[in-house]
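Let the sequences and hints guide you as you build the complete structure.
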Amino acid sequence: MAATTHHHLSHASSLPKTLNHPLKQNPFSQLPVLSLRASKNLFRRQSLSLRAVLSQNPAKTLNATFQHCFTKSPDGFLYCEDTKVQDIMEKVEKRPFYLYSKPQITRNVEAYKEALEGLKNSIIGYAIKANNNLKILQHLRKLGCGAVLVSGNELKLALHAGFDPTKCIFNGNGKILEDLILAAQEGVFVNVDSEFDLENIVTAAKVAGRKVNVLLRINPDVDPQVHPYVATGNKNSKFGIRNEKLQWFLDAVKAHPNELKLVGAHCHLGSTITKVDIFRDAAVLMVNYIDEIRAQGFEVDYLNIGGGLGIDYYHSGAVLPTPRDLIDTVRELVLSRNLNLVIEPGRSLIANTCCLVNRVTGVKTNGTKNFIVIDGSMAELIRPSLYDAYQHIELVSPTPPDAEVSTFDVVGPVCESADFLGKERELPTPAKGTGLVVHDAGAYCMSMASTYNLKMRPPEYWVEEDGSVTRIRHGETFEDHIRFFEGL
565 MAATTHHHLS HASSLPKTLN HPLKQNPFSQ LPVLSLRASK NLFRRQSLSL
615 RAVLSQNPAK TLNATFQHCF TKSPDGFLYC EDTKVQDIME KVEKRPFYLY
665 SKPQITRNVE AYKEALEGLK NSIIGYAIKA NNNLKILQHL RKLGCGAVLV
715 SGNELKLALH AGFDPTKCIF NGNGKILEDL ILAAQEGVFV NVDSEFDLEN
765 IVTAAKVAGR KVNVLLRINP DVDPQVHPYV ATGNKNSKFG IRNEKLQWFL
815 DAVKAHPNEL KLVGAHCHLG STITKVDIFR DAAVLMVNYI DEIRAQGFEV
865 DYLNIGGGLG IDYYHSGAVL PTPRDLIDTV RELVLSRNLN LVIEPGRSLI
915 ANTCCLVNRV TGVKTNGTKN FIVIDGSMAE LIRPSLYDAY QHIELVSPTP
965 PDAEVSTFDV VGPVCESADF LGKERELPTP AKGTGLVVHD AGAYCMSMAS
1015 TYNLKMRPPE YWVEEDGSVT RIRHGETFED HIRFFEGL
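Following our numbering, the numbering of the sequence shown begins with 565 at its first residue and continues without gaps.
Hints listed in this document are in silico derivations from the structure and should not be mistaken for laboratory results.
No experiment lies behind these values; they were computed from the predicted model shown.
By construction, the Cβ of each residue, glycine as well, lies at the ideal position given by its N, Cα and C atoms.
Be aware that one or more of the hints could be misleading.
Said to hold, decoys possible - In the EDC-like style, the derived pairs of lysine to aspartate or glutamate whose C-alpha atoms are separated by at most 16 Å in a straight line are:
id: 1; residue 1: Lys928; residue 2: Glu990
id: 2; residue 1: Lys699; residue 2: Glu958
id: 3; residue 1: Lys996; residue 2: Asp939
id: 4; residue 1: Lys818; residue 2: Glu763
id: 5; residue 1: Lys933; residue 2: Glu990
id: 6; residue 1: Lys818; residue 2: Glu750
id: 7; residue 1: Lys987; residue 2: Glu958
id: 8; residue 1: Lys684; residue 2: Asp865
id: 9; residue 1: Lys706; residue 2: Glu674
id: 10; residue 1: Lys809; residue 2: Glu856
id: 11; residue 1: Lys987; residue 2: Asp973
id: 12; residue 1: Lys928; residue 2: Asp939
id: 13; residue 1: Lys666; residue 2: Glu1029
id: 14; residue 1: Lys825; residue 2: Glu863
id: 15; residue 1: Lys775; residue 2: Glu863
id: 16; residue 1: Lys825; residue 2: Glu763
id: 17; residue 1: Lys818; residue 2: Asp876
id: 18; residue 1: Lys996; residue 2: Glu958
id: 19; residue 1: Lys775; residue 2: Glu763
id: 20; residue 1: Lys996; residue 2: Glu1029
id: 21; residue 1: Lys636; residue 2: Glu657
id: 22; residue 1: Lys809; residue 2: Glu863
id: 23; residue 1: Lys809; residue 2: Glu759
id: 24; residue 1: Lys666; residue 2: Asp1030
id: 25; residue 1: Lys825; residue 2: Asp865
id: 26; residue 1: Lys706; residue 2: Asp728
id: 27; residue 1: Lys658; residue 2: Glu968
id: 28; residue 1: Lys636; residue 2: Glu958
id: 29; residue 1: Lys839; residue 2: Asp889
id: 30; residue 1: Lys825; residue 2: Asp761
id: 31; residue 1: Lys933; residue 2: Glu968
id: 32; residue 1: Lys720; residue 2: Glu750
id: 33; residue 1: Lys839; residue 2: Asp876
id: 34; residue 1: Lys818; residue 2: Glu759
To be verified - Here are the computed distance ranges between Cβ atoms for each label pair:
id: 35; residue 1: Ala967; residue 2: Ser900; range: 56 to 62 Å
id: 36; residue 1: Pro638; residue 2: Glu742; range: 52 to 58 Å
id: 37; residue 1: Gly682; residue 2: Lys825; range: 23 to 29 Å
id: 38; residue 1: Gly738; residue 2: Lys825; range: 18 to 24 Å
id: 39; residue 1: Thr929; residue 2: Phe1048; range: 37 to 43 Å
id: 40; residue 1: Ile1046; residue 2: Arg901; range: 53 to 59 Å
What follows is the structure, encoded as structure tokens:
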């Protein structure tokens, strides 16, 4: 498509956000102290000793001003990098669409690469579940990322995108044999999650005729203080093995020397984490396990710590941990054991690169509550409905000076009371057809989209480095739906 009108905009000159502050408390303002519970006294003593060493070099948080690739200019228009979003809306299909900044994706990856300098053979394992757009995956692969997979189709997609199989990690608590055979054939790392998972991996190795490099996914019983739906490392999680069963798994690996090679230990803590101490505490516990595993003759080289950094969904200017803050909490520990570090970012790589662009269908009131009704919905973006998640909302274009500022629920047309994108948002009253964006929609939005009410999944575009706009995914159509039934 033709390039949109270019407009040079200094991102540092963005206007402060004076409207649309949530009425509920920002969860970043008061965060409880996190706790770690090791199950054995020996590990407790070792952990305290290691933690004392690490505390001499605490992570330093940069007091950087909040930056975003989507900015409001003094003329009141929203820009993606230097390209006016209103101009993009006038050139593309008249339906909700996802809009990304390709340069912001690059900047996010570079921040992790810089943070990992000095740690040899480290892997940035992008969590494909966060966003599985093929063009985005190909870009991440070119930037040097590996891939973290939780299904056979994600593995196939990673291979199609050209990822190096030796930089891919197959996760999951319910991996099926067919997918494990493909993983064995391709030579990807596989994280062992349970007794039956290990048995299936052994079978897959025999079928493929190849030894599988495995890591043991140990549940560290760490409370990440996040929404329970995205917490994966506590004692009640369906993921991972309990530490008291570690010896059983070590014996099982020893019993299958032709099928399994134990190369590392893995844990996953959860998502939207805003305190990096949890990574340090988990790493301390995990290296204790690695010491125990090495003492039994295993050559363990990899420490795989999954779990993602949170982002400033509230656009409040909150100072959140950076990739360097994260890596610095475990750097000395990793170096002290001569380990290769594998991390699994998803949200922090892609969330803030994108927004969902919608159009206002109309404004209404039921007498006690005001509503902005848009063409987007929970079908395109379910996080607010599913998690009660906050995502920042603003208008694309300036409103008349006399436009009344009111408190609105921003809702879609889906036939569910749960169909909302934001509640109790202070916004200028928009005219019909006005553009409205839901920010930070790059992660767990399009990848969780549905066709509920036959709202077809939307197209996706990104702004290139030169300001041009490229479609990176076709929007689904009614004809696509009908094709599922042809010939039946």
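Hint by hint, here is what the structure shows:
Using a Cα cut-off of 16 Å, the hinted pair Lys928 and Glu990 holds, with the two alpha carbons roughly 15 Å apart. The straight-line distance between the Cα atoms of Lys699 and Glu958 is roughly 27 Å, outside the 16 Å bound, and the hint therefore fails. With a C-alpha separation of about 11 Å, the suggested pair Lys996 and Asp939 falls inside the 16 Å cut-off, and the hint holds. For the hint linking Lys818 to Glu763, the alpha-carbon distance of about 13 Å falls within 16 Å, and the restraint holds.
Under the criterion of a C-alpha separation no larger than 16 Å, the hint pairing Lys933 with Glu990 is consistent with the structure, at around 12 Å. A threshold of 16 Å between alpha carbons decides the hint, and for Lys818 with Glu750 the separation of about 23 Å lies outside it, so the pair is violated. Restraint check: the Cα-Cα separation between Lys987 and Glu958 comes to about 13 Å, which is no more than 16 Å; the hinted pair holds. Of the pairs offered as hints, the one joining Lys684 and Asp865 holds, with about 11 Å between alpha carbons and a cut-off of 16 Å not exceeded.
Between Lys706 and Glu674 the alpha-carbon distance is near 12 Å, which keeps this suggested pair within the 16 Å criterion. Of the supplied pair hints, the one linking Lys809 and Glu856 holds, its CA atoms being roughly 13 Å apart against a limit of 16 Å. Taken as a hint, the Lys987 and Asp973 pair is honoured in the structure, with Cα atoms around 4 Å apart against an allowance of 16 Å. The suggested pairing of Lys928 with Asp939 holds, with an alpha-carbon distance near 14 Å, which does not exceed 16 Å.
For the given pair, Lys666 sits about 7 Å from Glu1029 by alpha-carbon distance, which is consistent with the 16 Å threshold. As the CA atoms of Lys825 and Glu863 are separated by approximately 9 Å, the hinted pair is consistent with the 16 Å bound. For the suggested pair Lys775 and Glu863, the alpha carbons sit about 15 Å apart, so the restraint of at most 16 Å is met. With a CA separation close to 14 Å, the supplied pair Lys825 and Glu763 stays within the 16 Å bound.
A threshold of 16 Å between alpha carbons decides the hint, and for Lys818 with Asp876 the separation of about 46 Å lies outside it, so the pair is violated. Restraint check: the Cα-Cα separation between Lys996 and Glu958 comes to about 15 Å, which is no more than 16 Å; the hinted pair holds. As the CA atoms of Lys775 and Glu763 are separated by approximately 14 Å, the hinted pair is consistent with the 16 Å bound. Under the criterion of a C-alpha separation no larger than 16 Å, the hint pairing Lys996 with Glu1029 is inconsistent with the structure, at around 32 Å.
Taking the CA atoms of Lys636 and Glu657, the gap is near 23 Å; set against the 16 Å cutoff, the hint is violated. Between Lys809 and Glu863 the alpha-carbon distance is near 20 Å, which puts this suggested pair outside the 16 Å criterion. Using a Cα cut-off of 16 Å, the hinted pair Lys809 and Glu759 holds, with the two alpha carbons roughly 10 Å apart. Between the alpha carbons of Lys666 and Asp1030 the distance comes to roughly 10 Å, so the proposed pair stays at or under 16 Å and holds.
Between the alpha carbons of Lys825 and Asp865 the distance comes to roughly 11 Å, so the proposed pair stays at or under 16 Å and holds. Between Lys706 and Asp728, the direct Cα distance comes to roughly 11 Å. Compliance with the 16 Å bound is thereby established for this hinted pair. Distance hint between Lys658 and Glu968 is unfulfilled; the C-alpha atoms sit about 27 Å from each other, more than 16 Å. Among the hinted pairs, Lys636 with Glu958 is consistent with the structure: their alpha-carbon atoms are about 10 Å apart, no more than 16 Å.
A threshold of 16 Å between alpha carbons decides the hint, and for Lys839 with Asp889 the separation of about 10 Å falls inside it, so the pair holds. A C-alpha spacing of about 15 Å is found between Lys825 and Asp761, which places the hinted pair at or below 16 Å, so the restraint holds. For the given pair, Lys933 sits about 15 Å from Glu968 by alpha-carbon distance, which is consistent with the 16 Å threshold. Straight-line distance between C-alpha atoms of Lys720 and Glu750 comes to about 10 Å, which keeps the hinted pair within the 16 Å bound.
Note on Lys839 and Asp876: the hinted pairing holds, with a Cα-Cα distance of about 13 Å set against a maximum of 16 Å. With a C-alpha separation of about 14 Å, the suggested pairing of Lys818 with Glu759 holds against the 16 Å cut-off. Range check, Ala967 to Ser900: about 60 Å between beta-carbon atoms, so the 56 to 62 Å window is met. The hint said 52 to 58 Å for the Cβ distance between Pro638 and Glu742, and at roughly 57 Å that hint holds.
For the hinted restraint 23 to 29 Å between Gly682 and Lys825, the CB-CB distance of approximately 27 Å keeps it satisfied. Evaluation of the 18 to 24 Å hint for Gly738 and Lys825 yields a pass: the beta carbon distance comes to about 23 Å. Checking the proposed 37 to 43 Å range against Thr929 and Phe1048 shows it holds: the Cβ atoms sit about 40 Å from each other. Our hint of 53 to 59 Å for Ile1046 and Arg901 holds, since their Cβ atoms are close to 57 Å apart.
Going down the numbered hints, you'll see the structure goes against 2, 6, 17, 20, 21, 22 and 27, while the others check out.
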